[in-house]
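6 protein chains.
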Amino acid sequence: MTRARELNWMQVEEYLSRDDRVVLPLGSTEQHGYLSLETDNILAERVSAEAAEPLGVLVLPVLPYGLTPSFASYPGSPTLRLETFLSVLRDLLDSLYVQGFRRFLLVNGHGGNISGQSLVREWVAAQPDAQAIFHSWWSSTRVQAAAKEVDPEPSHANWFENFPWTRLQGVELPQERKAPLDEAAYRVAGPRQVRELLGDGVFEGAYELPDEQVARVWQAGVEEVRDLLESGWR
Amino acid sequence: MTRARELNWMQVEEYLSRDDRVVLPLGSTEQHGYLSLETDNILAERVSAEAAEPLGVLVLPVLPYGLTPSFASYPGSPTLRLETFLSVLRDLLDSLYVQGFRRFLLVNGHGGNISGQSLVREWVAAQPDAQAIFHSWWSSTRVQAAAKEVDPEPSHANWFENFPWTRLQGVELPQERKAPLDEAAYRVAGPRQVRELLGDGVFEGAYELPDEQVARVWQAGVEEVRDLLESGWR
Amino acid sequence: MTRARELNWMQVEEYLSRDDRVVLPLGSTEQHGYLSLETDNILAERVSAEAAEPLGVLVLPVLPYGLTPSFASYPGSPTLRLETFLSVLRDLLDSLYVQGFRRFLLVNGHGGNISGQSLVREWVAAQPDAQAIFHSWWSSTRVQAAAKEVDPEPSHANWFENFPWTRLQGVELPQERKAPLDEAAYRVAGPRQVRELLGDGVFEGAYELPDEQVARVWQAGVEEVRDLLESGWR
Amino acid sequence: MTRARELNWMQVEEYLSRDDRVVLPLGSTEQHGYLSLETDNILAERVSAEAAEPLGVLVLPVLPYGLTPSFASYPGSPTLRLETFLSVLRDLLDSLYVQGFRRFLLVNGHGGNISGQSLVREWVAAQPDAQAIFHSWWSSTRVQAAAKEVDPEPSHANWFENFPWTRLQGVELPQERKAPLDEAAYRVAGPRQVRELLGDGVFEGAYELPDEQVARVWQAGVEEVRDLLESGWR
Amino acid sequence: MTRARELNWMQVEEYLSRDDRVVLPLGSTEQHGYLSLETDNILAERVSAEAAEPLGVLVLPVLPYGLTPSFASYPGSPTLRLETFLSVLRDLLDSLYVQGFRRFLLVNGHGGNISGQSLVREWVAAQPDAQAIFHSWWSSTRVQAAAKEVDPEPSHANWFENFPWTRLQGVELPQERKAPLDEAAYRVAGPRQVRELLGDGVFEGAYELPDEQVARVWQAGVEEVRDLLESGWR
Amino acid sequence: MTRARELNWMQVEEYLSRDDRVVLPLGSTEQHGYLSLETDNILAERVSAEAAEPLGVLVLPVLPYGLTPSFASYPGSPTLRLETFLSVLRDLLDSLYVQGFRRFLLVNGHGGNISGQSLVREWVAAQPDAQAIFHSWWSSTRVQAAAKEVDPEPSHANWFENFPWTRLQGVELPQERKAPLDEAAYRVAGPRQVRELLGDGVFEGAYELPDEQVARVWQAGVEEVRDLLESGWR
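Residue numbers (our numbering), protein chains in the order written: chain E, 1 to 234; chain S, 235 to 468; chain V, 469 to 702; chain R, 703 to 936; chain H, 937 to 1170; chain X, 1171 to 1404.
Next comes chain E alone, as it looks inside the complex (with noise of 0.2 angstroms):
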């Protein structure tokens, strides 16, 4: 049990006096074609709790709202200003700060929340005793290379984010590949041209892809989470 849903303060106090690491999934609330809005909150709360379950680290609830503007033709894709994004996670990491902690994880499960890297390098820089890293689980070398191993093209809601624990009851999805996604005119898309760009959503690529594959590619996620947890700090 290391989910604060799971716990009460005085757990929590009693881990601190033994241990100062805490996890922060960050996600956000926004199309991922056929699969649940919630997608990227799904997948990164999940990888942290299987990643720090077996070392009794602390798992905070996930943030569910994090930046996606370029999805506003989307329904249901709320998107925070950077600005207040950058607010939230300064704010977390000052208060958790105050409260004990000293190594910080930031388990990112949206591209859209990039800069959140930056805030972190920012925030490092004024606490000279704490430790904070802002890993976007699903881009990192390792895990990009276990993807590709399975499939050439891993990418935003298709096979890559399709998981049973992502996928709606009922709903079918398209059994041909999608075509590749033009960068060059998403790199200059406004929200109208991003929904006439993908329609369904989906990059390109596979659409689903049989668990046994896919689960490949998220023990490769889970393990580097919690290599990160265990060795990553200085």
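Warning: the hint list may mix true and false statements.
[Unchecked claim] Straight-line distance between alpha carbons at most 25 angstroms, and here's what the computed BS3-like set of lysine-lysine pairs gives: (1) 850(R) <-> 1114(H); (2) 148(E) <-> 1318(X); (3) 382(S) <-> 646(V).
[Said to hold, decoys possible] Computed beta-carbon distance windows for the label pairs: (4) 469(V) <-> 447(S): 30 to 38 angstroms; (5) 850(R) <-> 426(S): 56 to 64 angstroms; (6) 942(H) <-> 1309(X): 20 to 28 angstroms; (7) 942(H) <-> 1385(X): 18 to 26 angstroms; (8) 802(R) <-> 1401(X): 46 to 54 angstroms; (9) 186(E) <-> 1088(H): 56 to 64 angstroms; (10) 289(S) <-> 216(E): 27 to 35 angstroms; (11) 418(S) <-> 632(V): 51 to 59 angstroms; (12) 676(V) <-> 884(R): 55 to 63 angstroms; (13) 1225(X) <-> 989(H): 32 to 40 angstroms; (14) 884(R) <-> 1389(X): 57 to 65 angstroms; (15) 469(V) <-> 850(R): 28 to 36 angstroms.
I should point out that these hints are in silico values taken from the structure, not numbers from a laboratory.
C-beta: ideal position from N, C-alpha, C; glycine also.
Could you slot chains S, V, R, H and X onto chain E? The hints should help.
Chains S, V, R, H and X alone, transformed into the frame defined by chain E:
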């Protein structure tokens, strides 16, 4: 199925073609005595879901971080700063409005978040065709009346928030009633004094009551949220 | 002489050598039906001065601008944005703290300013040796009790705020009681609906009552502020 | 009767049907040597009222808190931060604009508030049909010329701000002239150095002059504000 | 070699072992009539470099974006918002302070940036061991006196800013004097009115004067900056 | 002549009558080992100018201050805070948009500025008729490929940024290759650890390579920027 977790964007788009209501539950991860640190999150989200489901109204994921600076001496109680919290609410309202929502019910589960009410009032003043209600489900006249029929002291982290889904396995609760909170002392207490004053974090009264009694209070809360969703609009 | 207007800095320096309390009245310039636009300013400042004078406690000038976005359709009701108002309070607390003050009583005269309470709570959490109380003088249990002994409907801009020093020369008041406010409608009203709902701006009830009756309520308000100044601290 | 204090919203609505001008006096509560801490507030508000009354132009309550970080070592001198002060001005302009005002005269009584001029310039650039003037009543060419006919050193807290309504009962003033301010030293002085440099807080020159002489300067100030109200617009 | 462009960090570290002064030139990219859009940048940076070089004082790169909302109708005049500009100055002072600098000279080349002075004043009040001077090189008594010996109307974009290094190849200048600026009209002018008023963007007077005459004014500017660097500190 | 420095507003107005593109180079003044503190500024501005000149596209002055909190222990490395940097970008985009520009290419020269990409994405989402590209010229697939043909370790402050216009006269460079950067250590390093880790500030690899080899990489960078300017739009 009315929770974002169980829906994809196509389903929300279809929903928006016939409805413009949305529920945003607001919580706080913070000390709740012997109960789960996520008590406010769990209750806000659950009261929203139970109220909204029969009506088919969309429920967003709970915002699990709120304003709780006074509990800084209780580990596991991260807090946003006031401006950040208000910005989060504003951004969510703004971006959901762009996606077509017009009637917003913010179901608040935490006393410290009360300033959200002012934000909602300000936001609505600039959006002539939108309506937004900030509803603290547990503090309404109706719920307080139902609670006081059960026990005269419904309060933070006591029986009033003690449900099968907020209590923790293997954690024993004191059987005696706690002495009433010294409200005058609490009013001028900083974090350290708050902890001295509250000790285990519960404000006062009985730690638990029979579930069937508490369920009556819960039912009043669910029904009031549902009534607001149905007929609280202009 | 305890008001800043009647003092110079040498006198305040002398005061600080023996006391560290200060009163900051908070108002709002806004519609008050037939009464002065400065009703909240006048009352907050006056209740502060009458309470503080016998104790010799310093009273600052009233902040005459607050949060009143819902009255935007009533000319003469400028409003601050929520973040601005909170920043004003924080800055005043911060800079007065630097000058040696440690016990702050914010005497609030306007319902819309309630978020100031959250700001005070947050500010105090970061200042272990300071105390601050946000007190809405007119809404306390004690004053409301005194008011209801006079008339069951003390409310915005009615008899409850009608004093020789808030009423205007040559302005006649309706003699009948106004029908009760439709609170459900008010809850979801934007500025335009608020004006349709309120008409002359008074919420409900009698427009005026005999001064000697209202004076009893006022006296309760003054005494409560004085009690807080004397013994509200830890 | 042109001050908000003496008006209700119905009267302002009637006023707006024939005029769109409004005066916002800006002050600062801060050390003024032997004079009232509210000297800037009193003078800004009074010069506004005397100028506006014959024209029937609306005058708002003075903003009694401004920018005075350099006087931090003089008790009784709270200060806003620069961003906060600018936000207050912007919010007041914004919300008054919504209510129908189009010509704004900000009558400033305090040197430290000079950045308000930049704010006004920026605000006007985004409001094609509004005009706003930031006028420091005491530092205009015209008032300075009138002052120098009386005495070569009109300055902070000396005879230039010494009026029956800013001096304090029972406080005696030095009879000699104070030596000229060392401006080079003042330029690089922090709060502590400012106090060492200024001592009693007066900048230089005579502490008082006969009221009838000072009245001539005052008259120039009132007339200039009135002229701006009458013919300062495009 | 005292400009950051010509130095690496090792050289600055060595410099800091014997000096703690630094010059930050402030400009604005904006219309300057027939002259370069970068006139303010060029002059602020150059006057800084010429003044600092003989003293060996470090000069940072000019900040080429400032506050110029009133020139919005002149293409090529981007502007920062007021709060942003102030934040830039604060951040630079803060981070340079951390690196060991203690005496800051901000050499300002643009009238619209004047609020920087208030920021510097505020910043210094919180840094007891640092000094900072905000110096508008072109508007000092000394430079204005030198200019008026040359011509009675030194002003924006006229001869006063016309140097071999700000004028453009192949651009011809009007030979007649421009009529004096209508200052009353300028005071209430928004961007559109400013353009109507100024036409080519020059405020008034002669467009060019013989270089040797203008050089005398320049020399006064350089010397004053150098004097401040040498003996302007406490 | 396409740089703002060589243009006046009339020329930009004429330009806008036939084009709506503009280039904003982004840099950072910070440690670059033995190279100039302005390396990022020089390269971003120069790659922009070389790319834009043949096309006649307007290039603004480089923003010479960026995000570099991790280099705080290297003197001469001022940094903006993250929010400030983002506000600068937003303000420049906003005000240039008002002046008629619609296609913006931000040419970034500094890794720490990567959050600008999120800002651009957010800004574009609110401006349906504008396009903006945030392009880190040195980190694109194309430039990295060109670099790796020359040497496997193109990196901060090594040969990859060593050009005739960034190296300093009289400064000798180490002749050996520097050992590879310990990326795991760098990830959790605060400013002090960064300095311990990097020593002279160079990340790894060769300090210099023959200019003709580096020129091939440069050429790839210039061409890619030019391609984006020509055909990167929708």
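Results for each hint:
no.	hint	verdict
1	850(R) <-> 1114(H)	violated, 32 angstroms
2	148(E) <-> 1318(X)	holds, 23 angstroms
3	382(S) <-> 646(V)	violated, 32 angstroms
4	469(V) <-> 447(S): 30 to 38 angstroms	violated, 58 angstroms
5	850(R) <-> 426(S): 56 to 64 angstroms	holds, 58 angstroms
6	942(H) <-> 1309(X): 20 to 28 angstroms	holds, 27 angstroms
7	942(H) <-> 1385(X): 18 to 26 angstroms	holds, 23 angstroms
8	802(R) <-> 1401(X): 46 to 54 angstroms	holds, 50 angstroms
9	186(E) <-> 1088(H): 56 to 64 angstroms	holds, 60 angstroms
10	289(S) <-> 216(E): 27 to 35 angstroms	violated, 42 angstroms
11	418(S) <-> 632(V): 51 to 59 angstroms	violated, 33 angstroms
12	676(V) <-> 884(R): 55 to 63 angstroms	holds, 60 angstroms
13	1225(X) <-> 989(H): 32 to 40 angstroms	holds, 37 angstroms
14	884(R) <-> 1389(X): 57 to 65 angstroms	holds, 60 angstroms
15	469(V) <-> 850(R): 28 to 36 angstroms	holds, 35 angstroms
Violated hints for the displayed structure, listed by number in ascending order: 1, 3, 4, 10, 11.
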